[in-house]
Amino acid sequence: MNKMVLIGGVAVAAVIAVGAYLLLDKDGDGSETVAASEDVPSFGITIENHLFSPAELEVPAGQKVKLVVKNLDPTPEEFESHELGREKVIAGNSEGVIFIGPLEAGTYPYFGEFNEDTAQGKIIAK
Amino acid sequence: MLATLLIVFREVIEAALVLSIVAAATRGVAERNRWLAIGVGSGLLGAVIVAAFAGKISQSLEGAGQEIFNASVLFLAVIMLGWHNVWMGRHGRELAMEMNTVGREVTAGTRPLYAVAIAVGVAILREGSEVVLFLYGIASTGVGESSLLLGGLGGLVLGAALGFALYKGLINLSTRLLFSVTSWLILLLAAGMAATGAKYLVQAGILPSLGAALWDTSWLLDDGSVLGQMVHVLIGYTARPLPVQIIFYLVTLVVIGGMMKAFGGSGAPKKTIAA
Numbered sequence: 001m002n003k004m005v006l007i008g009g010v011a012v013a014a015v016i017a018v019g020a021y022l023l024l025d026k027d028g029d030g031s032e033t034v035a036a037s038e039d040v041p042s043f044g045i046t047i048e049n050h051l052f053s054p055a056e057l058e059v060p061a062g063q064k065v066k067l068v069v070k071n072l073d074p075t076p077e078e079f080e081s082h083e084l085g086r087e088k089v090i091a092g093n094s095e096g097v098i099f100i101g102p103l104e105a106g107t108y109p110y111f112g113e114f115n116e117d118t119a120q121g122k123i124i125a126k
Numbered sequence: 001m002l003a004t005l006l007i008v009f010r011e012v013i014e015a016a017l018v019l020s021i022v023a024a025a026t027r028g029v030a031e032r033n034r035w036l037a038i039g040v041g042s043g044l045l046g047a048v049i050v051a052a053f054a055g056k057i058s059q060s061l062e063g064a065g066q067e068i069f070n071a072s073v074l075f076l077a078v079i080m081l082g083w084h085n086v087w088m089g090r091h092g093r094e095l096a097m098e099m100n101t102v103g104r105e106v107t108a109g110t111r112p113l114y115a116v117a118i119a120v121g122v123a124i125l126r127e128g129s130e131v132v133l134f135l136y137g138i139a140s141t142g143v144g145e146s147s148l149l150l151g152g153l154g155g156l157v158l159g160a161a162l163g164f165a166l167y168k169g170l171i172n173l174s175t176r177l178l179f180s181v182t183s184w185l186i187l188l189l190a191a192g193m194a195a196t197g198a199k200y201l202v203q204a205g206i207l208p209s210l211g212a213a214l215w216d217t218s219w220l221l222d223d224g225s226v227l228g229q230m231v232h233v234l235i236g237y238t239a240r241p242l243p244v245q246i247i248f249y250l251v252t253l254v255v256i257g258g259m260m261k262a263f264g265g266s267g268a269p270k271k272t273i274a275a
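Protein chains in written order, with the working numbering: chain A, 1 to 126; chain B, 1 to 275.
Keep in mind that the hints were calculated from the coordinates and are not lab data.
Since the structure is predicted, the reported quantities are computational estimates derived from the model, not experimental observations.
Where is the CB? At the ideal position from N, CA and C, for every residue including glycine.
Incorrect hints may have been included.
What the simulated footprint calls covered on chain B by chain A, stretch by stretch (three residues with Cβ under 8 Å from a Cβ of chain A suffice, anywhere in the stretch; the number is not a length) [to be verified]:
no., region
1, 58-64
2, 131-140
3, 211-219
4, 234-242
Model the full structure from these sequences, guided by the hints.
Dropping the structure here:
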């Protein structure tokens with residue numbers, strides 16, 4: 001019985017991973033997920049020299065928004081925001097996708113946890 | 001150095017709190033140290049591996065690899081902790097009786113220690129990989145090695161000390177109280193993990209948030225503060241919970257709690273029997 005539960009637990013985790021892969025692997029271009037295939041506006045943020053650019057980004061309020069964070073630094077950075085409720089590590093010379101929203105109109109600060117003194121930014125939902 | 005210390009400390013306490021609660025819950029059980037050591041060891045090894053493959057993981061599954069990986073290990077931990085709790089609920093009474101006689105050797109043999117070892121292992125793997133990535137990143141920038149080392153070690157020591165303090169506090173409870181307190185703590189740990197896993201899936205655009213955050217108690221206790229982080233691990237607190245997170249939290253409580261009741265009756269040993 002114990003073995004079965006262990007196998008079951010691992011199987012559930014595997015099912016989640018596989019299921020997500022199948023869910024996502026729909027488009028040939030590989031840039032959109034099925035969940036977000038109907039107009040989710042996409043915005044880019046760049047990390048360079050431990051600075052976010054643009055430092056202030058305006059996004060539409062009240063709907064899901066896709067952020068594509070490109071890390072041009074060779075070292076990893078963790079995009080984090082308590083107001084947005086998001087945290088993601090972006091490896092050096094890589095990019096990451098983070099979905100935010102729907103947000104109420106307002107200003108949402110975020111920071112790079114690994115370089116907090118310089119990596120600061122704001123998302124402004126209008 | 002202080003910044004390094006704080007960052008490492010915050011990641012370490014998340015894993016340390018899980019480890020202390022599990023260690024307290026399995027106190028006195030034969031082979032417990034071996035299993036926990038296996039959990040910790042594999043977690044550390046896994047953390048280094050995950051950090052090394054961070055870029056690949058992140059880019060996989062169309063950019064959602066990191067979130068899916070995090071959510072999967074969290075849900076795996078939820079299942080492992082839930083299973084342990086249900087097992088304890090079922091055998092709690094027998095254990096209480098045996099504790100005063102033969103000792104726990106008999107039921108310890110069938111107790112799913114591997115389950116909690118896995119839960120501990122994935123907690124260390126998740127937090128550890130972030131620490132490794134962070135330290136690697138800092139080391140690459142050529143920041144003074146001694147500052148990096150001191151900060152990292154300081155954060156590790158402080159985090160471990162906090163976990164140890166919790167452990168000590170728990171094992172000072174009476175056996176009967178220890179049993180029910182750790183059962184509840186593990187239940188809340190699991191519910192919090194489920195809610196956190198849900199949040200990762202929302203971040204990846206896979207799960208709908210079902211609306212904006214239901215409330216904002218950051219004025220009362222902020223997610224970023226050390227206390228906020230501890231309460232987050234212990235009971236799953238978050239200042240701005242998404243509706244879908246609350247659903248995952250409650251469902252986990254109900255499912256695991258329900259199974260504990262269904263399979264274990266009242267669970268905790270009665271006063272008279274334990275006497």
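The hints, checked one at a time:
Taking a C-beta to C-beta cut-off of 8 Å, the region 58-64 of chain B contributes 6 residues in contact with chain A, enough for the three needed, and the coverage statement holds. Note: the region 131-140 of chain B has 6 residues with beta-carbon separation from chain A under 8 Å; the three-residue rule is met and the coverage holds. Under the rule that three or more residues need a Cβ within less than 8 Å of chain A, the assignment of the region 211-219 of chain B holds, with 4 such residues. Check on the region 234-242 of chain B: 4 of its residues sit with their Cβ under 8 Å from a Cβ of chain A, so the three-residue criterion for coverage holds.
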